[in-house]
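J.: Chain A is already provided as a structure; the job is to place chains B and C on it using the hints.
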Amino acid sequence: MNSTLVRWLQAPSIIVLFLWMVVPLSMTVYFSTIRYNLLYPERSGFVGLDNYEYFWTDPSFFPALFNTLVLVGSVLAISVILGLAIAMLIDRPFKGRGLARVMLISPFFIMPTVSALVWKNMFMNPIYGLFAVISTSLGLEPIDWLSSYPLLTVIIIVSWQWTPFAVLIFMTSLQSQDQEQKEAAMLDGAGFWSQFWNLTLPHLARPISIVLLIQMIFHLSIFAEIYVTTGGGPGVQSTNLTYLIFTQALQGFDIGVASAGGVFAIILANIVAYFLVRAVGKTLMV
Amino acid sequence: MTDKQISDIKNRIAVIAAWIVACLFFFPIFWMVLTSFKTELQAISVPPKLFFKPTLENFALIQERTDYTKFAWNSIVTSVGGTGLALIIAIPAAYAMAFNSGRWTKDILMWMLSTKMLPAVGVLMPIYLLSQKFGLLDTKGVLVIIYALINLPIIMLILFNYFREIPKEILEASRMDGTSTFNEITQIVMPLAWGGIASTALLSIVLCWNEAFWSINLTASDAGTLPALVASFSSPEGLFWAKLSAVSTLACAPIVVFGWLCQKQLVQGLTFGAVK
Amino acid sequence: MTNLRTTALGLTLGVAGLSAASAGELTIATVNNGHMIEMQKFTSVFEEANPGITVNWVTLDEGTLRSRVTTDVTTKGGQFDIMTIGMYEAPIWGERGWLQALEFGEDYDVDDVLPAMRNGLSHDGNLYAAPFYGESSMIMYRKDLLDAAGMDMPDNPSWGHIQDAAAAMTDKDNGVYGICLRGKPGWGDNMAFLSTMANSFGAQWFNEDWTPALDSPAWNHAVNFYVDLLTNYGPPGSSGNSFNEILALINAGKCGMWIDATIAASFVSDPSQSEVSDVIAFAQAPQAVTTRGSNWLWAWSLAIPAGTKQADDAQKFIEWATSKEYIELVAETNGWSAVPTGTRQSTYDNPNFQEAAVFAEAELKAILSADPENSTLNPSPYVGVQFAAIPEFQAIGTAVGQQMSAALAGDISVEEALEASQKAADREMKKAGYY
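Residue numbers (UniProt numbering), protein chains in the order written: chain A, 1 to 286; chain B, 1 to 276; chain C, 1 to 435.
Hints in this document: simulated from the structure, not taken from any laboratory.
Among the clues, some could well be false.
[Unchecked claim] Dumping the calculated BS3-like pairs for lysine-lysine here, alpha-carbon to alpha-carbon at most 25 Å: (1) Lys76/C / Lys309/C; (2) Lys95/A / Lys264/B; (3) Lys324/C / Lys365/C; (4) Lys95/A / Lys10/B.
[Unchecked claim] To give a feel for the contact side, a few chain A residues facing chain C, derived at Cβ under 8 Å: (5) Ile127; (6) Pro142; (7) Leu146; (8) Gly232; (9) Leu250.
Heads up, the beta-carbon is just placed ideally off N, CA and C, and yes, glycines get one too.
The following block holds chain A by itself, in its conformation from the complex:
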């Protein structure tokens, strides 16, 4: 295949993505340098970096940045570790495994808004929620999840949705693991952990990196789960960067500042991606 043809085949996706990236992005960058509040259409004009400064000096900025990283980090850790454990648990054949599998991966198909609403109302409500009912019946003080542990609440909900995705991928990969190799190792007297470290984990290296990469992309911009449950609060305890931008764009209607926030978010995403690619990129691009 000649290289011209290669370029022609790649071209559509690159051009389309380039347009997708460049047109809105350049508009975003442009908006971020002008005075642009939807509620004040008559005010306009170039303001330089004022919008950036305003976003940057917002007392919520650093907490939001921190929350974003905590959120992404914990959900990644939980879903990968739990996902691995569950995938190995259901790797051996047993009666009804098909059903158990279907049950396990179902949360991944549920809309984020819906899962947030279900968790918030029917489980975490401090009076009627199932958790509260259980703790009351055990004679314990019910926990008010949304206001006492807001970030943890969001982490739990997101992990519930995404662990099944990790299970799905790991489960598939485990099935392709060489059974003879495993049995041979077993005969050699290799224990569970040594088997895990020496055979399973290397075998799963690439699936793990893919899961990390795909999930990170989604977790950096978590929004619905926060909007529906804690609304970013109390205070800014569960505000992430996306939510902070949302408050600027759709509550303050200041598109200038929101656009500056968007540019910050892209920069952050690329920094994270850079380190992630360094960490997992090797296995990804063998």
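T.: Just chains B and C now, kept in the frame of chain A:
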């Protein structure tokens, strides 16, 4: 106890643990569906009722208030359309990158992924204004285009990885026979990669189906998808958990059932090179 | 590439054809509250009376609706022919020329619309939105619990009295909390209530020179009182409670008192959803140093965005939905206790309504006593009771609401919360160029 017995017990414990975990993960969905058949008073009763006379009044009321089938149809069209459009663009590109990777391949792929990290709300205004300019507000078309674009990077990543598993020798052999590139893609690569393409498509349909932000912000009465329907029942004045559960069940049921049916297919394709 | 271009072009053309709304089709954006849901059910009545007009509804939750309609009206998106907006938006949008002024014929009897509502929805003498239902705030309390405690409730109680009553009614072992108040962050949630409470303590949002006044002793006093009250006598999880959550609590008999929207009265006195419907009584919102601004004023109203092609049909619909006839239609079908209230004097004058609605008198009194032009003890430059009708308020109210909810949850002190609030408000006002 013999080793055999010990490993039997271990196995049994593992099976029980697997079932417990499966039930825990599935419970919220079960609970949601159960609540959708309760009356509003039963839905918030303490202690919660596990046995009750099921009612269909919530579902009847939702159909009375809105047109579920229209929202569902919009969801189907936009999910399938967006996925289809993305695949048309992604397959040739992933093919080219996988079989003729160059110095920049990795960087291009990473750059594509980074476009996906742009928070939607940060670009809402540009997209809104553009859609308005082209008369695309409240149309399925704009959602198809946006869904294709936001899923394109993920689709590229998965397809790229899948295509790389195809032995190059097969292609080289066919090239010796003078097969054209078009035929090469359609007759050799596609059949070999069919599993991967299908599961990528399934994954993308799921992601499109559950997309709420663009659907709610760019549509009005014509093109709203199921997440917009859910939004019309979330947090009203008054406590309506049963109705909320019913509408959630209606919104999720098609994609969950679809996921169950295609589970085997989904699993086969997402091996990410773990197959050796 | 060609392929792609054709696809894209085809899509564009295909959908562009679909998007142009055909004549006589009205698209109405509304909030998913009970009265609006009822209005949707009556759509066919309107359509039969006006052949050629069909109505499409877009129903959303309050927060989403607000951002959708604001985006649409400011960018001239033209997706909606009628928008459901509140008393906060109407004057601001009217002033900017984004709404079409409403003029009604004789039959509509615009003078029957309560003056407080008319004023709140007007700018420069033009009415920009017609109230569909209106509300103020008042106390709803459990007469049985109060009697058992040997106390009474004056018609205009003081906050001190409320505190004593809350202490007397609280019985945590039996899950009864003396007082339930909003704590969930949001300018329309906890701040709507807290603003009225602060007003009655003599506080205000902005000084005459538009500098934020959140660092005043009055605010400090009010918020401390609020946090203490809820910490000692409120239910667990107050910082996440808003209208819905508390409604569920009071209906289940878990609250002694509740100060909130008058619209709640029709829910708590409805035996089909409330366990305490027969023991609920009503009084005016409490005062501390003044009664000024101690109860809020709000109306969900219908407005026509400027430049819609369906202006005439839209006007027809609004005229129908906010008319006396509509109220009678609802009364005939669902009974007088279910009609949208708070908009017309004639509703309150109707003996059938007075009989069906035990809360009618208290509600009307609350609505009539609210004066958005004059809602603070000391002079202030803004209009609005539980908000300041300036575009910046939404952002400020949201930020302050977050701080208050954090203070209520005990994460930060009241002083810290108010200091952070003052700072946030100051930043926002400076950015907007007020000073």
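J.: If a hint holds in the structure, say so; if it doesn't, say that too.
T.: Consistency of the hints with the structure:
Of the supplied pair hints, the one linking Lys76/C and Lys309/C holds, its CA atoms being roughly 12 Å apart against a limit of 25 Å. For the hint pairing Lys95/A with Lys264/B, the CA-to-CA distance comes to about 17 Å; that is within 25 Å, so the pair holds. Among the hinted pairs, Lys324/C with Lys365/C is consistent with the structure: their alpha-carbon atoms are about 20 Å apart, no more than 25 Å. A distance of roughly 16 Å separates the Cα atoms of Lys95/A and Lys10/B; the hinted pair therefore holds under the 25 Å criterion.
Using the Cβ-Cβ criterion of 8 Å, the hint placing Ile127/A at the interface with chain C is satisfied: the shortest such distance is roughly 6 Å. Because the closest C-beta pair between Pro142/A and chain C is about 6 Å apart, less than 8 Å, the hint holds. The interface hint given for Leu146/A holds, since its Cβ lies 5 Å from the closest Cβ of chain C, which is under the 8 Å cut-off. The beta carbon of Gly232/A comes within 7 Å of a beta carbon in chain C, closer than 8 Å, and the hint placing it at the interface holds.
Checking Leu250/A against chain C: minimum C-beta separation of about 4 Å stays under 8 Å; hint holds.
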